[in-house]
Every structure is written in structure tokens, then in C-alpha cells.
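Participant: Guided by the hints, dock chain B onto chain Z, whose structure is given.
2 protein chains.
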Amino acid sequence: MSKEGVFQQTTEQVKSLYKNRSVTICAVGLGRIGLPTAAMFASSGAQVIGVDINPEVVVTINEGRSRFLDEPGLDKMIEESVKSGKLRATTDVESAIPAADFVIICVPTPVDPAKTPDYSAVTGACRTVGKLIKPGCVVIIESTVGPGTVENLIAPILEEESGMKAGSDFGLASCPERSDPGNIIGNMKTVPRVVGGINPHCSQIVADLYESLLNVKVFRASDPKTANAIKLTENLFRDVNIALANEFALLYEKLGIDTVEVITGCASKYNFMPHYPGAGVGGPCLPSNSYYLISEGVKAGNIPYLVRMAREINDRMPEHVIELTSEALNEVGKTIRGSKIAILGVAYKPEIKDLQLTPMERVCSGLTKLGAMLNIYDPMFAGDTVFGLGVRRSLTQAINGADCIVIGTAHAEFKRLDLKLLEQLTDSPAALVDARNIVNPHEATKAGFAFRGVGRRNLNPEQ
Amino acid sequence: MSKEGVFQQTTEQVKSLYKNRSVTICAVGLGRIGLPTAAMFASSGAQVIGVDINPEVVVTINEGRSRFLDEPGLDKMIEESVKSGKLRATTDVESAIPAADFVIICVPTPVDPAKTPDYSAVTGACRTVGKLIKPGCVVIIESTVGPGTVENLIAPILEEESGMKAGSDFGLASCPERSDPGNIIGNMKTVPRVVGGINPHCSQIVADLYESLLNVKVFRASDPKTANAIKLTENLFRDVNIALANEFALLYEKLGIDTVEVITGCASKYNFMPHYPGAGVGGPCLPSNSYYLISEGVKAGNIPYLVRMAREINDRMPEHVIELTSEALNEVGKTIRGSKIAILGVAYKPEIKDLQLTPMERVCSGLTKLGAMLNIYDPMFAGDTVFGLGVRRSLTQAINGADCIVIGTAHAEFKRLDLKLLEQLTDSPAALVDARNIVNPHEATKAGFAFRGVGRRNLNPEQ
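Residue numbers (our numbering), protein chains in the order written: chain Z, 1 to 463; chain B, 1 to 463.
Here chain Z stands alone, though its shape is the one from the complex (with noise of 0.2 Å):
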């Protein structure tokens, strides 16, 4: 810890700071991107205490632990950075941010259920971190929130509850998270951050903080605005072309044309980047991160709509996986009610235990509700239980006698499905759904499957 604020000296102080590690960094909020974030600052070289309202995730912290096993280096760095003194964890947030350089908010920003930004926790933790910062503490936002949300309700959190003002007393700037889950450290040592600070000062600071305690290169906002509508607009891109995807999928199905075969087509070309179809899109970041430019767009009058029906369109993918399993249990004479349904994969995405938004939540409750006995089968989650139901130890257990299989994560393990030792498992005849784009429709039909998957070709259109 600095004797002085690091936001009342020089750029050139502030680097000699970093030089020699000698600065205190909390981070507030202790879940995918806060304890990564945490264990990378304390494993280079930094003093970090990592704050979180939760006790278990702090005792498993203290412990040496990581409670994300699937972030892969994650478990080693918070090892270390324990064993080292570099990290520690408490609930204790009056202890800590008095001691802090630098407060790292890392709060989750979901929306609720009507879709509207909820930005409670980060309010809160700001009218907490506000109550507790010294003067010269630089305050850094990687939560991802609207553009203006820095500038418009945080700052005056922060000012009201210090009775400081930021840009002067004391620093603000926004560096929003943009790592991908399952790949978080990867990410953090590779992945450009983006730095925009209230002022000029600040935004130095800040940048000169990631890039010499982590070395990542940083690109500089103009502003915390800028910041978060560069953050929101990547993640966009992506979801709005997922959305494209799906609209072409949807259509393709219809014209019996294989969009996995276009696509492949597609990226033939320079300027093309695939994204493809699928039963939606969960997670922490995309299901969610269109509200909080919609939220902005209608305070300004002027609505992103293309934006705001992508999300929609990729919102109703799990339906459209709803009627493929009752077509394809169809052209083997059967019904959802009273069919066995093996899911195959609840995570979001593979290799991830998580389930936020996942859209096969929906897909299981919709089925569920058709009268389809489940058994759900994810290598992540075997033997757990997810949205109230246990999940099989092996995917025999969970196909055995089943009338459908859907898949519903590219898990590794699904891509080497047999799909002929796989049918004769079933009850046949079986139908199956793929949601993924893993499975070969030929080599499904032919192992006497009634095949379906999203944007592929019906191979049975007469049925």
C-alpha cells in the first residue's frame, strides 16, 4: 500500500508503483471474472484481497482452492498466490477497501426477468466501496454495464457515499471484463483490455496498471462510456450473428438445405466469419448484455431493433428444438408425453459447468411439461441435479431405452458419439435431435435414427 493516494501522484510515480508491486488491490465480487481478476494481479506480484459477501467462496479461497474447475490454471495461480501472502479473501469489505490502491468491482449485471438491466449489485457494492475508499483510491468497473452507466450513476454513487469527487479526490475508470468463460486465464494473458477513464489522469493510471502488472496490451477509451459500448457492441456482433444464424437455419430447414454445409461454404470466403445455428444462446454475457443497450437506446429515443430481434430470435431457438423432437418422435409413431428423452448436455457451452441462462434449461422444462420423462446425461454435472432433476452418472444410464435423444451441448464427448452402438441402446425405433451441429445426419439416418437438427436437411421429407 501506497503512503499516498496513487490518484494524487504523477503517471511516472504511479509506474514505479507498479514497478515494484508495491500496491493493494481488492476486488470486489469473487465469482468467474473477480477471482480470476484477483489471482491474476496477486500472482504478479501484487498485494490483492478479494472481497465477497459469500463465506464458502472465501473459506475455499483462504484454502488454496478454486471453485471453478473448469477454468483450466485457475486452481494453480490461487494455490500459489495463497501460499505466496500475494492473495487473500475475507467477507470483511470495512477491512479491506480502506487498504486498497485500487478497488476492482466484479459484480454480476444480469437483467430481470422483464429484461430490464439489473444493476443492483453493482450500486450496492459501489454505495459500500463509496462509504470505505481513501482518498486517492482509483475505482475500476470491469462489471459490464450500459455506456453511460459509469459516468451517470455509479460516479455519483461513489461521490455521494465518499463525499468525494471522482476524477479529483479520487479515480474512476471502466475496464470491462472480455474473457470467455471456460478460458478465463487464457484470455486475461492474451485478450487486449479496454481502458476508459473519467479523465485523462485516470485512464493512464488504469491502463498502465493492467498492462504492467499483467502485460496485456490495452486499448484506451476516450471515456468509461466509450469502454462499455466497445464491450457491448463485440458481444452484439456476436449475438446478433448467432441470430443470423438461426434466421438462415430456420429458413434453410424449410428449403432443405444443410446451413452447417453453407456455412462451411461461407468461410471459404475472406470476409466471412461463421457463427452457427443452434438451440439459443446462455451465459452470464450475451443473453443479457443486448438489455443493457436497449435500456439505453430508449432513454436516448432511438431503439436498437436489429439488436433487440436477434435477441429474440435466438430466444426462441429452445421452441424450435421443442418441435424438432416432436417431429422426429413423430416419424417413428411416437409422442413427446410418455417418451423417455436422454438430454445429452445442459451446460451453455462445452466443457463448462454452468448452467446461467442455459436455453436447455427451457428445453427440458418445455418437454417436461409435454409429458416426456428426461434423463439428462452432462459429464460436468454427472450425478448432480439441475433444474430439479438428477443427472445420470454415465450416458448409457441416460440412454438406455430412451425414445429421443437430444443433444443439447457440443460436449468433446458427444462429438465421438457411435451412433450404431447408440441406437441399439434405445428403445427403437429412436429419434434424434441434434441442437449442436454434431452429428452427421447421414451417418444418423443411417444408423436408424428419425434425424433431426437444427438448419440441417430433412433426410426423410416425405414423413
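By construction, these hints were calculated from the structure, which means they are not laboratory data.
Everything numeric in this text was worked out from a predicted model, so none of it was measured.
Each hint should be verified, as a subset may be incorrect.
Stated by the list, open to error - Using 27 Å as the maximum straight-line C-alpha spacing, the simulated DSSO-like pairs for lysine-lysine come out as follows:
{"hint": "1", "chain 1": "Z", "residue 1": "K334", "chain 2": "Z", "residue 2": "K446"}
{"hint": "2", "chain 1": "B", "residue 1": "K217", "chain 2": "B", "residue 2": "K86"}
{"hint": "3", "chain 1": "B", "residue 1": "K369", "chain 2": "B", "residue 2": "K353"}
{"hint": "4", "chain 1": "Z", "residue 1": "K83", "chain 2": "Z", "residue 2": "K19"}
{"hint": "5", "chain 1": "B", "residue 1": "K369", "chain 2": "B", "residue 2": "K340"}
{"hint": "6", "chain 1": "B", "residue 1": "K349", "chain 2": "Z", "residue 2": "K254"}
{"hint": "7", "chain 1": "B", "residue 1": "K254", "chain 2": "Z", "residue 2": "K115"}
{"hint": "8", "chain 1": "B", "residue 1": "K254", "chain 2": "Z", "residue 2": "K299"}
{"hint": "9", "chain 1": "B", "residue 1": "K19", "chain 2": "B", "residue 2": "K299"}
{"hint": "10", "chain 1": "B", "residue 1": "K349", "chain 2": "B", "residue 2": "K420"}
{"hint": "11", "chain 1": "Z", "residue 1": "K254", "chain 2": "B", "residue 2": "K115"}
{"hint": "12", "chain 1": "Z", "residue 1": "K415", "chain 2": "Z", "residue 2": "K349"}
Said to hold, decoys possible - Cβ-Cβ distance ranges computed for the label pairs, FRET-style:
{"hint": "13", "chain 1": "Z", "residue 1": "K415", "chain 2": "B", "residue 2": "T10", "range": "34 to 42 Å"}
{"hint": "14", "chain 1": "B", "residue 1": "M273", "chain 2": "Z", "residue 2": "K217", "range": "13 to 21 Å"}
{"hint": "15", "chain 1": "Z", "residue 1": "N199", "chain 2": "B", "residue 2": "G338", "range": "38 to 46 Å"}
{"hint": "16", "chain 1": "Z", "residue 1": "T368", "chain 2": "B", "residue 2": "T11", "range": "49 to 57 Å"}
{"hint": "17", "chain 1": "B", "residue 1": "N62", "chain 2": "Z", "residue 2": "K415", "range": "55 to 63 Å"}
{"hint": "18", "chain 1": "Z", "residue 1": "N199", "chain 2": "B", "residue 2": "A382", "range": "43 to 51 Å"}
{"hint": "19", "chain 1": "Z", "residue 1": "P113", "chain 2": "B", "residue 2": "H442", "range": "40 to 48 Å"}
{"hint": "20", "chain 1": "Z", "residue 1": "A114", "chain 2": "B", "residue 2": "G124", "range": "48 to 56 Å"}
{"hint": "21", "chain 1": "Z", "residue 1": "M273", "chain 2": "B", "residue 2": "G401", "range": "55 to 63 Å"}
{"hint": "22", "chain 1": "Z", "residue 1": "E327", "chain 2": "B", "residue 2": "S120", "range": "33 to 41 Å"}
{"hint": "23", "chain 1": "B", "residue 1": "N271", "chain 2": "Z", "residue 2": "L370", "range": "50 to 58 Å"}
We put the CB at the ideal spot given by N, CA and C, even for glycine.
Facilitator: Quick look at chain B alone, frame taken from chain Z:
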């Protein structure tokens, strides 16, 4: 010309014909795609006859000249091919078609004012070709059409007119052109082709033709409709992403965020592809391609709404440029009515002499309707007449005494503008509107202009 129709020979026999360049190819339609296609095949050593209904076009080619001086490499290729006797052009379709082993259809497929695909040129060409092809001829459709058009519209016409059966008596395949105007020859040499024949033998022969003679990679699609879906999907990807950039631009203008800065920041992430906002989208492909797919979607009961909305967003951008012009003039106390407005660039993209569906036509007509006096300058059209208006011979002539400058095309010449010098030529105080993101807003403001740019931050928000 082979003695037996190529389509009746084995693929091995045909390969040997390719090796010896013993094939006669007839290109129907000698426009921006047909002419380079004819030249490429001729320069590979095949015998090529180019057919066009326009005698002037034919004369130019037979004189060894290209009429597309904005296509690097094309003029030399035509000169050499005509000199070597490999390429000749004719209006005499009745002698050309019966001599051909391959007929490549390269006629335009525009949309009518109600945005319905107008396939009359391609169906007309196919009626003529059907009447005249010899047995064993292979017809290749390079024109862009909706998926299913080759199977359901073109094949029946060719069969009816020829009295032969497609897929047994003659070949038929789609090989949609994938080239970008201004770099057609470069693209034809490097961008993989997509070939989908109406049966595997047909796919094979046509794929081998492009691979052997043009030395390009070929993506083998299952059928013509898949090949056409690939062509449309890759272009709609661009159209939708440009619309998304425009949607962001409209909102970020309101939020005081610079869209170019945002996109530059996003581009530092591995899974983002930058597209830029602007005055809209022109050219022979993007403004029309969506409607070919929408039309098939309407027939199939599955409208691609995202694609349609994207098109509408891009179509409205010229109006936004007019709004920005009005705003910028307002800032210097002037109205569009009575103002002298210099239009820099009318071509639909940089370094190309092409006005097809250029959004600048709507910007110009809108400004004229509102009472502006336009002075157009475009280096590709210097001294010509466009939109019924004379184009100035120099930048200076257009700008002299102007109240406002509107940049409509990102020609290289306009990227080197000396804004201070420019401002001195205008009738100060003057406005500057950049519809192509090539001017630095701070520099424009510093030079004394009231500046507006599509998606740019307004630097005088109190105005």
C-alpha cells in the same frame, strides 16, 4: 470443341480435355462479371466466345479493350486473349451457343422497384440458350439467384426449350460469382469457387473445370440451391453487419460516443470482425441479394426478418446523411435551401467507376429537392454527367464557395484532404459532413468546420 458432348464423357475423359484446353466456353453476358470470366478462361488457353446483346460491348472487346478501366489486370488480359485468338465476342448467339461445350450465364439479376427479384435477364438468356445448346453441353449459372431458382425455374426452361433432360442429356450447375468489383481479376484468381451441380457427375465436371483451367480451389456444394444459399449467406452476412454498424452509429451519435473508436476497440478482440457505418450500401450485390432470399422465405412461409430489417436500416442511411447535413448547416446559421453543397464522391465504393444503387444518388436527389445547389466531384467521373448533373473536373472547383461539403465515397484522394486549406476555399462558416468515416472530427472542428459524421460524436453538443 470436343467431338462428343462433354457431359456424356467420363470425368477422366473430361479431365484430359481440360489438360489439353480442348474445350469451348461461351460466356453469356459480358458485364463486370461475364467479361473477366471470359477473359480468365481465354487466358487459361480455352477457346472462349463472349456473347452480349450490346453491339458496342462486342466491338470494344474485339478491339482488345476492356470497358472496365477500374478493374486492374483486365485490360491486359483481354488484349492478349483477343490477340492470341482465344477470345472473341459476338452478338450472334445462334452461332456461338451450338459451338459451346460450356455455356456460362453471367447476366444481371436485379430487383425491381418493389424489391421483387427480376430474373427476366436470366430466364430470357436460358430460353435462348436452351433452344441452341448441343447435347452434352454443360450450362453453368454464375448469376446470383435465390436458392431453388436453378432447380425450379432455370432447369425447366432449359429442358422445355431444348427438349432434353437436365442431368442426363445436358449438364447444369450453379457456380455463383464471388468477386468484388474493383478487384474482380484478383478475386477470380484467389477466392475459392462454390460449385453445386444438379447431380454428382455434373458437380464433378464443373468443379474440375474451374480447378483445372482457373487454378482455384472449389467448394463442392450438394446441389445448386446450396451453392446459391452460400452466395446469399455470405453477402447477407455483410449487409446485416453493415446494418448493425449503422444501428450502433445512430444510437452512439445520440449517446455522444464515437462509433469508429468503438469498432476499432472491438477489433482488438479475436472473435470480432469490423464493419463500418456509412451513407448506405450500393452496388450490384448487397442491396439486391437480400430480396432473393426474402422472396424464397415468403414462398416457404418463413420470412428472414433480421435480413429484411437490416436492408431497411441500410436503405434509410441516405436520409440520415441529409439530416446530418441539415444539422451541420444549422450550426453555422444556414439552411439546405440556397446552400452550395460540394459532394465529394458518388461512386458506391472507393476507386470504382460504378453508380449502381449508390446511396449517394438518394443523398443528392434529397438535397436538391430541399433546395441545395450541388457541386459534385468524383475522381472516377470527372467531367462526366451523373444524376443529370455535371461532375467538376477538380476538388477545388467543387468546393469553391461551398457552404457545406459532404463526403460520400472514401476515395483515396479524399483521405488526404488538407482540411484547413479546404476550409479557406469555402464560404465560411461552412459545414462538413463525413458519411465515410475518413475525417478526424477533432481536426475538422479545429479547421473551422461545423462537423457531423455518421456515427461520430458531436463535438459541439450545445449547438
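Participant: Decide, hint by hint, whether the structure agrees.
Facilitator: Quick rundown of the hints versus the structure:
1. Z/K334 <-> Z/K446: 20 Å, holds
2. B/K217 <-> B/K86: It holds: about 24 Å lies between the C-alpha atoms, which stays within 27 Å.
3. B/K369 <-> B/K353: 25 Å, holds
4. Z/K83 <-> Z/K19: With Cα atoms ~22 Å apart, Z/K83 and Z/K19 stay inside 27 Å; holds.
5. B/K369 <-> B/K340: Holds, at about 13 Å.
6. B/K349 <-> Z/K254: 35 Å, violated
7. B/K254 <-> Z/K115: Distance of about 22 Å is within 27 Å: holds.
8. B/K254 <-> Z/K299: 10 Å, holds
9. B/K19 <-> B/K299: At roughly 44 Å apart (the allowed maximum being 27 Å), B/K299 and B/K19 break the hint.
10. B/K349 <-> B/K420: This hinted pair holds, its Cα atoms lying about 26 Å apart.
11. Z/K254 <-> B/K115: Holds. Z/K254 to B/K115 sits at ~22 Å (cutoff 27 Å).
12. Z/K415 <-> Z/K349: With Cα atoms ~14 Å apart, Z/K415 and Z/K349 stay inside 27 Å; holds.
13. Z/K415 <-> B/T10: 34 to 42 Å: 38 Å, holds
14. B/M273 <-> Z/K217: 13 to 21 Å: Holds: the Cβ-Cβ distance is about 19 Å, inside 13 to 21 Å.
15. Z/N199 <-> B/G338: 38 to 46 Å: Given range 38 to 46 Å: holds, Cβ gap about 43 Å.
16. Z/T368 <-> B/T11: 49 to 57 Å: 53 Å, holds
17. B/N62 <-> Z/K415: 55 to 63 Å: 57 Å, holds
18. Z/N199 <-> B/A382: 43 to 51 Å: 47 Å, holds
19. Z/P113 <-> B/H442: 40 to 48 Å: With Cβ atoms ~44 Å apart, the hint holds.
20. Z/A114 <-> B/G124: 48 to 56 Å: Given a distance of about 55 Å, which is inside 48 to 56 Å, the answer is holds.
21. Z/M273 <-> B/G401: 55 to 63 Å: Roughly 46 Å apart at Cβ, these two residues miss the hinted range, so it is violated.
22. Z/E327 <-> B/S120: 33 to 41 Å: 38 Å, holds
23. B/N271 <-> Z/L370: 50 to 58 Å: Once the Cβ atoms are compared, 36 Å apart, the range 50 to 58 Å for Z/L370 and B/N271 is violated.
Of the numbered hints stated above, those contradicted by the structure are hints 6, 9, 21, 23, listed in ascending order.
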